[in-house]
Structures are given as C-alpha cells and as structure tokens.
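Undergrad: Make the full structure from the sequences, and use the hints.
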Amino acid sequence: MPSYLLKRLLTMGVTLIGVSLLVFMMLHLIPGDPVRYILGDFATEESIADLESRLGLDKPLPMQYFRYMAGVFQGDLGTSYVTGYTVMEEILNRFPITAQLAVYSIIFGSIFGIIIGIIAAMNQNTIFDQLAMVISLIGISAPSFWIALFLILFFAYHLGLFPISGYKGFYSLILPSITLGLGTAGNIARMTRSSMLEVIKQDYIRTAKAKGANLYRLIIQHSLQNAMIPVTTLIGLQFGALMAGAVVTETVFALPGMGSLIVSAIATRDIPTVQGLIMFMAFLFIIVNLVVDLIYTKLDPRIRYD
Amino acid sequence: MMTKTEGNLQPVVPEELGSASLSFFGMAWKKLRKNKGAMFGGAILLFFILTSICAPLLTSYPVNEMRFDESLKAPSAEHWLGTDEFGRDIFTRILYGGRVSLLMGLVAVSIAGTVGVLLGVIAGYYRRLDLYIMQLMDILLAFPSLLMAIAIVAVLGVGLTNAMIAVAISVIPSFVRVVRGSVLAVREKEYIESARALGVRDWKIIFRHILPNIASPIIVLATLQFGVSILAAAALSFLGLGAQPPNPEWGALVFVGKSFLSQAWWMTLFPGLAIMLVVLGFNLLGDGLRDALDPRMK
Amino acid sequence: MVFMQVVFILFILSANGGMNMKKRTKSWLIPTVIASLLFTGCAPASQENPEPSQELTKGEIVVAAVTEPDSLDIHKTSSIGEPTEHLYATLFERDLNGEIVPGLVKDYKVADGGKEITFELKENAVFHSGKPINAEAVKKSFERFLEKSPFKTNAGSIEKIEVLGETTFKITWSEPYAPFFSNATSAYLAPLDVSTLDAQGEGFDKNASAAGRLQLTEVKRGDSVVYKPFEKADWGAKGTPGFSKVTFRFIPDDETRILEFKKGSVNVLLDVPFQYIEELEKEPGVELERVSDYVMTYLGWNNKLPIFQDVKVRQAIALAVDREPIIQNTMRGAAKPVFGPLPEVVNGHSPAIEEKARQKYTQDKEKAKQLLAEAGWSEKNGEGIVMKDGKPFSVEMWVQNEPAMQRVAQILQHQLREIGIDVRLTVKESAAIIEQTPKGSHQMILWSYGWFDADILYFLLFGKGKSTRLHYEVDELDALLQKGRVEMDPEKRFKIYEEAQEFLVEQSPWVPLFVRESITATRGLKNFKKHPISNRIIWQDVEVTE
Chain A
1 MPSYLLKRLL
11 TMGVTLIGVS
21 LLVFMMLHLI
31 PGDPVRYILG
41 DFATEESIAD
51 LESRLGLDKP
61 LPMQYFRYMA
71 GVFQGDLGTS
81 YVTGYTVMEE
91 ILNRFPITAQ
101 LAVYSIIFGS
111 IFGIIIGIIA
121 AMNQNTIFDQ
131 LAMVISLIGI
141 SAPSFWIALF
151 LILFFAYHLG
161 LFPISGYKGF
171 YSLILPSITL
181 GLGTAGNIAR
191 MTRSSMLEVI
201 KQDYIRTAKA
211 KGANLYRLII
221 QHSLQNAMIP
231 VTTLIGLQFG
241 ALMAGAVVTE
251 TVFALPGMGS
261 LIVSAIATRD
271 IPTVQGLIMF
281 MAFLFIIVNL
291 VVDLIYTKLD
301 PRIRYD
Chain B
1 MMTKTEGNLQ
11 PVVPEELGSA
21 SLSFFGMAWK
31 KLRKNKGAMF
41 GGAILLFFIL
51 TSICAPLLTS
61 YPVNEMRFDE
71 SLKAPSAEHW
81 LGTDEFGRDI
91 FTRILYGGRV
101 SLLMGLVAVS
111 IAGTVGVLLG
121 VIAGYYRRLD
131 LYIMQLMDIL
141 LAFPSLLMAI
151 AIVAVLGVGL
161 TNAMIAVAIS
171 VIPSFVRVVR
181 GSVLAVREKE
191 YIESARALGV
201 RDWKIIFRHI
211 LPNIASPIIV
221 LATLQFGVSI
231 LAAAALSFLG
241 LGAQPPNPEW
251 GALVFVGKSF
261 LSQAWWMTLF
271 PGLAIMLVVL
281 GFNLLGDGLR
291 DALDPRMK
Chain C
1 MVFMQVVFIL
11 FILSANGGMN
21 MKKRTKSWLI
31 PTVIASLLFT
41 GCAPASQENP
51 EPSQELTKGE
61 IVVAAVTEPD
71 SLDIHKTSSI
81 GEPTEHLYAT
91 LFERDLNGEI
101 VPGLVKDYKV
111 ADGGKEITFE
121 LKENAVFHSG
131 KPINAEAVKK
141 SFERFLEKSP
151 FKTNAGSIEK
161 IEVLGETTFK
171 ITWSEPYAPF
181 FSNATSAYLA
191 PLDVSTLDAQ
201 GEGFDKNASA
211 AGRLQLTEVK
221 RGDSVVYKPF
231 EKADWGAKGT
241 PGFSKVTFRF
251 IPDDETRILE
261 FKKGSVNVLL
271 DVPFQYIEEL
281 EKEPGVELER
291 VSDYVMTYLG
301 WNNKLPIFQD
311 VKVRQAIALA
321 VDREPIIQNT
331 MRGAAKPVFG
341 PLPEVVNGHS
351 PAIEEKARQK
361 YTQDKEKAKQ
371 LLAEAGWSEK
381 NGEGIVMKDG
391 KPFSVEMWVQ
401 NEPAMQRVAQ
411 ILQHQLREIG
421 IDVRLTVKES
431 AAIIEQTPKG
441 SHQMILWSYG
451 WFDADILYFL
461 LFGKGKSTRL
471 HYEVDELDAL
481 LQKGRVEMDP
491 EKRFKIYEEA
501 QEFLVEQSPW
511 VPLFVRESIT
521 ATRGLKNFKK
531 HPISNRIIWQ
541 DVEVTE
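From first to last, the protein sequence lines are chains A, B and C.
Position 47 (the first sequence) corresponds to 47 in the numbering used here; numbering is contiguous.
Position 76 (the second sequence) corresponds to 76 in the numbering used here; numbering is contiguous.
Position 129 (the third sequence) corresponds to 129 in the numbering used here; numbering is contiguous.
One or more of the hints may lead you astray.
Unchecked claim - Covered stretches of chain B (in silico footprint by chain A; criterion: 3 or more residues with CB under 8 angstroms from a CB of chain A, positions within the stretch not fixed):
hint	segment
1	133 to 139
2	144 to 152
Stated by the list, open to error - DSBU-like, lysine-lysine: derived pairs with alpha carbons at most 30 angstroms apart:
hint	chain 1	residue 1	chain 2	residue 2
3	C	Lys206	C	Lys131
4	A	Lys59	C	Lys148
5	C	Lys530	C	Lys228
6	A	Lys201	B	Lys30
7	C	Lys220	A	Lys168
8	B	Lys73	C	Lys365
9	C	Lys526	C	Lys262
10	B	Lys258	C	Lys336
11	C	Lys58	A	Lys168
12	C	Lys245	A	Lys168
13	A	Lys168	C	Lys263
14	C	Lys76	A	Lys59
15	C	Lys106	B	Lys258
16	C	Lys483	C	Lys106
17	A	Lys168	C	Lys336
18	C	Lys206	B	Lys73
19	C	Lys245	B	Lys258
20	C	Lys263	B	Lys73
21	C	Lys148	A	Lys168
22	C	Lys148	C	Lys263
23	C	Lys360	B	Lys73
24	B	Lys73	A	Lys201
25	A	Lys168	C	Lys206
26	B	Lys73	C	Lys282
If you're looking for bench data, these hints aren't it; they were derived computationally from the structure.
Since the structure is predicted, the reported quantities are computational estimates derived from the model, not experimental observations.
Cβ coordinates follow ideal geometry from the N, Cα and C atoms, glycine included.
TA: In structure tokens form, the structure reads like this:
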C-alpha cells in the first residue's frame with residue numbers, strides 16, 4: 001500500500017509538470033499578446049518593449065518557463081498581469097465558492113441520480129424505467145444556461161425563494177448547485193441503473209429470490225455496494241467536469257468563482273492567472289481521483305493496489 | 001498503475017465469439033428492437049438525420065437571406081417556428097443547422113474514436129508503452145475539458161473545423177481508457193494466449209481477436225460520445241468559438257436567441273430542443289445498445 | 001433541504017405506483033426511502049439565515065454593471081468605467097456643453113509656446129484619507145503615473161514636474177502637447193493619494209484614497225465594489241449626499257441582470273441591453289436615462305492591401321452601407337448614425353463636416369456599383385460577385401465575440417453583397433484582434449474607438465506608425481495631425497482638424513457607422529442624470545426616494 005501511494009504521488013508529479021508544460025505552451029501559442037492587450041489603443045513600440053521587460057516576457061520561452069516553475073516550487077504562482085493581485089490571492093478568494101458549488105452539486109447529483117437509477121432498475125423495461133431515464137437524460141442533454149434561467153425565473157424571480165444571483169452564503173448556492181448537479185445526476189442514474197441490473201441478474205440473487213430470502217439485505221449489500229464503485233469513479237471524473245462546467249453556471253448566477261475568473265483571464269491573456277488556475281484545478285482533480293481510488297479499496301475489498 | 005474500473009463501461013467480454021459474431025449482433029439487434037427507449041432514441045435520430053438531409057425539400061425559405069420586415073415573428077402557419085431578428089425562418093435554419101451539428105458530432109467522434117482506439121489498443125496490448133500513454137491521458141484528463149477546448153480553439157483559430165478538432169481531442173481520453181481496459185481484460189483470455197503461443201502475429205491477434213471482442217463497448221461509447229460532442233460543440237458556439245455567423249449551427253442559434261429571450265422565446269427554445277432531443281436520442285440508443293450488447297443479459 | 005426531500009418523496013411515490021403493477025416490488029420501497037433520507041441527512045444543513053432577504057437598506061443604491069474593472073488603481077487599469085471613475089476627482093472637468101472647466105486645478109498659465117504650464121490647485125481640497133491635495137501630493141501621483149501607467153503617453157512627453165508652492169506646480173514638456181487639457185478631464189490623469197500605499201507603492205485596493213465623490217469601503221473580488229459618499233466633496237445646493245451607500249455589483253449575464261432589476265434588488269441598471277428597452281419603458285416606476293455614448297463603431301479595412309488602393313473602391317463600400325437597418329435592427333433605434341470621422345462629443349467634432357459626409361455617403365447602391373465598375377470591377381461571376389482580372393471581390397471581416405456586433409456584421413455582409421462584394425465573417429477574440437491588426441494580417445474589421453479628443457485621429461487611427469487598425473498612413477494627413485498636437489490655440493486647432501477630417505471624408509479609408517446610446521434604467525431615485533459628454537453618472541444630486 002505505501003509503495004503504491006508513493007508511485008501514485010510520483011505519477012501525480014509527472015502529470016502536474018505535464019499539465020504545466022501544456023498550459024505554458026498553449027498560452028504562448030495563443031494569438032493575442034498580453035502586453036498589447038493591456039496597452040490597448042495606446043500602445044507605442046517603446047511602451048510595448050518597456051512593459052514586456054517589466055513582465056519578463058522578453059526572455060526566451062524556456063527561461064520563462066523555468067523561472068515560473070522555480071516560483072511554483074516555492075509556492076509562488078506569480079502575480080496577475082492585470083489586477084495586480086497575486087495569483088494565490090485570487091485563487092484563495094475564489095476557490096471556496098467553486099469548491100462549495102462542486103461539493104453541493106455532487107451531493108445533489110448523487111442523491112438524485114442514485115434514487116432515479118434505483119427506481120429505473122427496479123422497474124426495468126416498464127414505462128417508469130423509461131421515464132426515469134428520460135428525466136435523468138434531460139439533465140445531461142439540456143444546455144446548462146437553460147436550466148439555470150428556468151430555475152432563476154421560477155424559484156428566484158416568481159416564487160422569491162432564493163436570491164437571483166451573487167454570492168450570499170449557502171442559500172445562494174442552491175440553484176447553481178442544482179443546475180450543475182443535474183448533469184451529474186443523469187450520469188449517476190444511468191450508472192446506478194446498469195450496475196444494479198447486473199447485480200439483480202446475478203445467479204445468486206436469483207437463487208436467493210427464488211428461495212424467498214430477505215431481499216433488502218441482499219440488495220443493500222450487493223447492488224448498492226457494487227453500484228458505488230462506478231459511481232465513485234464517476235464522481236471523481238465529474239469533479240473535473242464540474243470545475244470547468246462551472247464556467248457557464250457561474251456566469252449566469254454571477255458567482256465569483258474560479259470558472260468565471262479563468263474565462264476573463266483567458267480573454268485578457270492574463271497568463272499567470274490562467275496558468276495558476278489550471279494547475280490548481282489539475283492538482284485538485286488528481287487529488288480527488290487519488291482519494292476516489294483509495295475509497296475503492298474500502299468499497300470493494302477485492303480491489304487492491306500493489 | 002491503477003487497476004480501476006472504467007467509468008462508463010465495464011468491459012464485458014464474451015468467451016470465444018470471434019466466429020459467432022454475426023449471430024451475436026443479430027441477437028443484439030433482436031434485443032434492441034424490444035427496447036422501447038432505444039427504438040425511440042433511434043427514431044429521433046433518424047428523424048433529424050432525414051430532415052437535415054432533405055432540408056431543401058421541406059422548406060422553401062432561404063437559410064441566410066435577410067428580410068427585415070419579417071423579423072421576430074412568432075410561430076405561425078407561414079413560419080412554423082417563427083423568425084429570427086433578421087426575418088430568417090427558424091424552422092429552415094434548424095433544418096440546415098442539423099447538417100452542421102450532426103456532421104460536427106460525426107467528425108469529432110470519428111477522430112476521437114480512431115485515435116482513441118489506436119492508443120487504447122497499444123496501451124493495453126503493448127504494456128511497455130502503457131505507462132507513457134496513460135500518463136499522457138492523465139494529463140489530458142486533468143486539464144478541464146471545456147477549458148482545453150477553449151484553449152485549442154484559441155491556438156488554432158476560431159472556426160468549425162478547429163472546433164471539431166478541439167472537441168475530438170477533449171474526448172480522446174475517455175476512448176483510450178475504455179479501450180485499454182477492455183483490451184486488458186481480453187488479452188489474458190485463453191484463446192488469445194494460445195494464439196500467441198502459436199506464433200500468430202500481433203496485428204492479426206489485434207484485428208482478428210481483440211477488436212471484434214471489444215467492439216461492443218466501443219460502439220456504446222461512440223454513441224454516447226456523439227451526444228457529448230454535439231453538446232460540447234454547442235457550448236463552444238455558445239462561447240463564440242464555434243460556428244461563425246450566419247452559419248446556423250444549433251449551439252450558435254441558441255446563443256443568439258438567448259439575447260431575445262423575453263420577446264422571441266422561439267429563437268432559443270426550438271434550436272435548444274433540437275440539441276436536447278438529438279443528445280437524448282444518442283443517449284437512449286447508447287443505453288439500449290449497452291443492454292443489447294451485454295452478452296450476460298439474455 | 002425540505003424542497004429536495006419533497007422531490008425525492010414524490011419520485012419514490014410515483015415509482016411505487018409503478019411497482020405495484022408488478023407484485024414483487026413493494027419491498028423495494030423501504031431501502032429506497034432509507035437511502036434517500038440517509039443522503040439528505042448527509043447534506044449540510046443550512047447554517048445561514050434561511051430568509052433570502054433582498055431588501056435594500058435605507059439610502060442604499062445598488063448598481064448592476066456588466067464587467068468588473070481589472071483594477072481600481074487608475075495607474076494600473078487598462079480601462080475605466082462607472083465602477084472605477086467616481087473614486088477620482090480630475091484636474092479639469094467638462095461642463096454639460098463639453099467645455100473644459102477647472103476641476104482640482106483652479107487656474108493655469110501657459111508659457112514657452114506650450115512647453116511649460118503652471119497649475120494652481122484649489123485650496124483646502126483633501127483626499128479620502130483626509131490628507132491635503134497639495135502640489136507635492138499631485139507631483140507624487142504624477143510620478144507614479146509616469147512610472148506605472150500603460151497610458152502614460154496621454155500626458156505627453158513630460159520632462160519634469162516642479163513644486164513651486166503649497167498649491168502651485170509646473171510641468172515642463174519636451175514639446176508642446178495640446179491634448180493635455182482634454183486628457184486631464186479623464187480619470188487616467190487624476191491624482192491619487194500615494195501616501196496611503198505600502199512600501200512598494202502597491203495595495204491601492206486595500207487602502208484606496210483619491211478625491212472623487214465616492215469613497216471606497218470594500219472590494220469583493222469577482223462580486224462587488226462598495227462605496228460611500230465622500231462627505232468632503234461638493235454636494236451641490238443641499239450640501240449633503242442623497243444616499244448612504246453605493247454598491248456596484250458585477251453581473252455578466254444580460255438576463256440575470258434584468259431579472260435582478262425587475263425584482264428590485266438592483267436599482268440602477270447600467271447598459272440596458274437594447275432588446276429590453278421597450279419592456280422596461282412599460283414597467284411602472286422605472287425611468288430610463290439615455291445619453292449618447294462616445295465610442296464610435298466603424299467598418300475598417302487594411303488600407304495597405306492592393307484591393308483597397310483605389311479610392312473609388314473605398315467610396316463604393318461607404319456608399320453600399322445603410323446605417324438605418326443596422327441601428328433599427330440591432331440596436332432597436334438606440335444609436336445615432338455617424339458619417340464623419342469624429343462623433344459629436346469628441347473635442348474637434350465639426351457639424352459641417354458631418355453634414356458633408358452625410359450627403360456624400362448616404363446609401364446609393366447604383367452609384368456604388370458604378371464606382372466599382374469604374375475601378376475595374378465590372379464583370380460578375382455566377383453568384384453575382386464582382387470580378388477583376390478573373391478574381392472575385394471576396395474579403396474576410398473580423399468581428400468581436402459580442403452578439404450585437406455580430407448582428408451588425410451580418411447586416412453589413414448582406415449590404416455589401418448587394419453591390420457584389422462577398423464578405424466572410426470571422427469571429428475573433430478581442431485580444432487576438434488587438435495583437436494581429438498592427439501586423440496587418442486582417443482584411444476588414446468591425447471595430448470601434450472612443451476618446452474625447454481629436455488627437456485620437458493621430459495616436460490611434462492615422463498617425464505615421466500608429467495606424468494599427470487601418471494602416472492608412474498618408475504624409476499629407478500625418479502632417480496635419482502632427483500640427484494639431486502642438487497647436488495650443490483652440491480656434492486654430494479646430495481648423496486644422498476640420499481640414500484633416502475633410503481629407504478623410506474624401507479618401508474614405510473607413511466607414512464610420514454609429515455611436516450607441518448608453519441607456520440606464522433606474523427605480524426609486526430622484527435627479528438621476530448622466531453627463532452628456534463623459535457619459536458618467538452625476539452623483540451630486542441623486543437622491544434615494546424609496
């Protein structure tokens with residue numbers, strides 16, 4: 001086990017370095033020069049050169065990269081070109097909101113998804129199965145800004161149950177979490193359904209059923225537990241999707257999270273901010289998936305890492 | 001490396017089916033026909049494919065011509081789904097837009113599928129390369145996919161082709177993971193081992209024995225990813241990075257319509273419904289295929 | 001959380017109904033319920049006040065703005081707007097007619113042909129921190145501006161700043177810089193209190209101190225900026241501000257912003273999207289304040305390309321454009337057509353030139369076609385595109401990723417198609433357009449500019465080496481524009497720019513299109529006005545009534 005963990009941490013480091021290289025190359029390949037963007041209409045050749053040297057953009061690319069990475073290893077993600085805040089400050093400002101959003105939407109998505117999935121599996125091939133699947137699929141198929149606008153219109157504007165937009169504590173995150181969670185719910189529902197179907201079809205369950213054994217226990221022990229493995233994987237994978245998917249949701253609900261920051265940072269070519277945010281998101285994604293893999297062993301003793 | 005159960009699809013490998021594959025798929029089709037959801041999904045898809053192919057026969061309005069006196073008209077007998085801000089017929093634009101959206105999905109899935117299957121087979125079969133390929137996939141996966149697509153489009157430039165490539169690249173890792181997992185499960189089977197022991201060439205083993213056996217998860221995944229790709233392409237258009245105006249790609253129609261939500265709800269509702277239905281269709285069909293192709297479900 | 005439980009139970013019940021049809025299944029109900037309760041139990045209970053109070057406190061004004069400023073520090077930001085500008089008091093101001101009048105500067109004297117100006121500051125003015133705005137403080141601020149600001153060129157080539165007395169200072173330029181007074185009415189050149197910054201001269205957001213009507217109380221990055229009225233500012237006849245707090249909230253999505261306003265949790269809605277004008281006009285208690293913006297949208301092209309060398313081609317393009325459908329269709333009429341190079345609010349605008357340009361370039365498709373034919377574009381291919389030497393007239397137009405601009409672009413595409421010019425649209429991010437146009441990799445662009453002084457014609461549009469978007473650099477024009485920069489006499493300066501504009505109208509290196517109206521919706525406020533020239537809210541008389 002410890003050697004497995006060590007191995008995982010090692011690959012994690014490699015992955016992060018890969019991500020950093022990829023982001024770095026991309027940001028320098030993207031047409032649109034940060035200096036020209038900042039200077040806008042007032043750029044002159046000398047002011048461009050001046051700002052370039054101040055931001056260190058006049059150095060050769062490999063040197064810029066090593067400088068940046070040297071900073072990262074000392075915990076310094078650099079300073080935003082446009083806002084003057086350090087990237088760390090910006091991330092720490094925004095992270096709690098995106099994290100809460102991700103966690104709440106996963107909780108909502110899991111509950112909703114598992115229940116729909118169970119209902120569908122229990123009623124396989126009936127109209128209720130189809131209905132449950134269609135409902136779960138709507139979550140996956142509908143553009144998220146639609147769902148968001150509908151929720152805002154109905155629950156916030158007409159019923160006045162929630163604030164329309166902005167961050168004002170837990171209450172203001174409910175609608176955005178539902179918006180984001182519906183997609184997750186759809187995926188989890190389908191996965192739960194198919195996992196449960198597999199278990200139900202297993203011979204030992206059939207035998208048990210035929211013998212009139214206590215079905216609750218069997219189902220709880222086998223199907224839910226079995227279903228939890230793919231569901232946990234999915235949660236790990238969805239976590240990444242949620243980070244990025246939050247872009248649209250955060251925009252519609254005017255939430256000051258990481259998604260909306262990264263979009264504006266890409267638009268303004270704020271290289272340190274984009275780089276820092278993506279590295280941070282990748283880091284989170286990897287950690288979450290590591291934890292997910294470790295949870296497997298708890299869920300299913302058959303899975304072991306070596 | 002980890003031996004994790006793959007996200008969507010657990011590789012389910014029937015014993016010895018290389019020769020009996022026809023009857024296997026025949027049986028699957030029989031089962032699929034009984035699955036109402038899958039049939040419904042298939043019907044939706046068929047409907048949209050046919051209508052977009054036959055678009056010129058179904059409508060007499062031009063796609064891009066502007067008629068200012070007809071702008072923002074509500075649905076009527078004349079304009080079934082209303083008109084947009086330039087007086088263009090929404091029904092017509094959705095029909096023609098279907099060509100673009102469906103083609104985008106097709107191209108993206110084909111690229112991602114080809115590259116993904118190739119890499120997945122290599123990773124699963126030649127274990128020496130496994131570590132490197134999966135490391136690369138981990139990097140791609142750790143990169144939030146929508147942002148990845150945004151970045152790729154930013155590098156390559158805005159446009160339909162580049163949007164397709166961007167979507168394809170962000171979909172590749174899921175193919176690689178599923179294919180690799182399935183190959184790993186298959187390659188340990190006795191008949192493969194005996195084939196190898198008999199000195200059958202690698203490519204022959206891959207094409208004759210492995211690929212047919214992992215076809216089911218690939219078909220299912222491709223069907224599901226079709227929907228994902230169409231949504232992703234729409235999201236890119238939504239961010240202004242996909243189709244260029246006046247191209248009637250569905251995501252672009254939804255995006256433009258959103259700014260007219262309060263006066264012309266039809267502008268965003270109908271193209272949005274089209275996206276939703278098509279994605280729904282692919283998902284229903286994909287789920288049905290999964291059930292039908294699973295040999296354990298008799 | 002109750003709401004979610006209700007949803008679950010509804011689902012379970014409906015499923016149960018279905019299960020009853022198959023006898024076996026009632027037994028599934030219990031684990032399902034247990035699971036659902038278990039999971040809802042896991043969800044964190046709401047700790048905060050469950051009452052989603054949307055009421056505004058008394059005297060509070062909440063302004064909904066689209067984009068958050070990158071920085072409130074005027075020496076760092078790359079753009080200014082309502083959320084930043086009121087923090088600053090400027091050296092000069094514009095009155096309601098656009099005349100430049102004293103601001104923090106009471107009086108000034110020009111010497112040495114404009115190379116030296118001595119400024120006399122108002123007495124007893126203070127920063128938000130309470131420290132006096134004296135010559136020393138202004139000098140410090142200017143020095144920081146010249147060191148840090150991306151826009152330092154807007155102060156001219158300053159050689160030195162000398163403090164002559166408590167309230168007197170002198171600036172020396174290496175050459176006269178006529179636009180200084182205009183530019184000094186913008187917040188970019190406004191003084192800020194350098195003494196409150198940290199040792200590195202940073203941290204303005206944390207300890208902001210300038211001299212504007214609004215004093216900063218809180219910055220919530222990504223969400224809002226909160227101000228209170230600055231008591232020591234000039235609050236008109238009453239002498240006291242009519243409000244107690246101003247919050248700028250940043251809500252990027254149009255629909256969300258509108259809903260917040262309609263709901264009443266926002267009482268000033270900036271930049272009302274054009275589609276919503278009619279709807280808000282009907283809303284009771286809502287007032288719309290409409291002023292002309294100073295940003296002009298134009299259709300430009302790379303004048304270095306061979307295809308645009310013939311003045312007849314350029315004029316033909318200008319004659320193909322009809323501004324009316326563009327304004328009606330994409331802006332719902334909330335824009336003013338512009339034909340001449342400078343819109344009305346810019347210092348240097350000439351009504352005579354505007355009229356002349358209007359007469360010359362009112363849409364005339366026949367004449368446009370004729371001009372094209374004279375320029376050699378006489379044949380037509382199968383699709384009706386004009387050709388010369390066997391090549392069709394086909395160009396690419398870059399347009400920003402903004403819905404309204406894309407609509408304008410589509411209409412232009414349509415109109416140019418009518419005279420036989422084929423235009424392909426390419427949407428590009430602004431950052432990419434800004435980088436690539438100076439290199440001349442574009443053909444046509446739909447773009448805009450906004451500045452208060454005619455000097456913009458030089459430093460952005462047509463100066464030698466400065467024509468980054470249009471690449472139109474002609475000696476004759478450049479000489480005129482250079483002259484305008486150093487001419488300190490307003491009358492003579494106006495004549496110079498009139499001549500330059502006349503040249504531009506004749507040569508038609510671009511097509512000026514329109515100036516948008518900036519529309520603000522308010523509710524529950526009295527005397528809410530926007531400045532007709534600078535387009536900014538005039539806080540002086542604003543009063544909260546509800």
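Undergrad: Going through the earlier hints one by one, which of them does the structure break, listed in rising order?
TA: Hints 15, 17, 18, 19, 21, 22, 23, 24 contradicted; others consistent.
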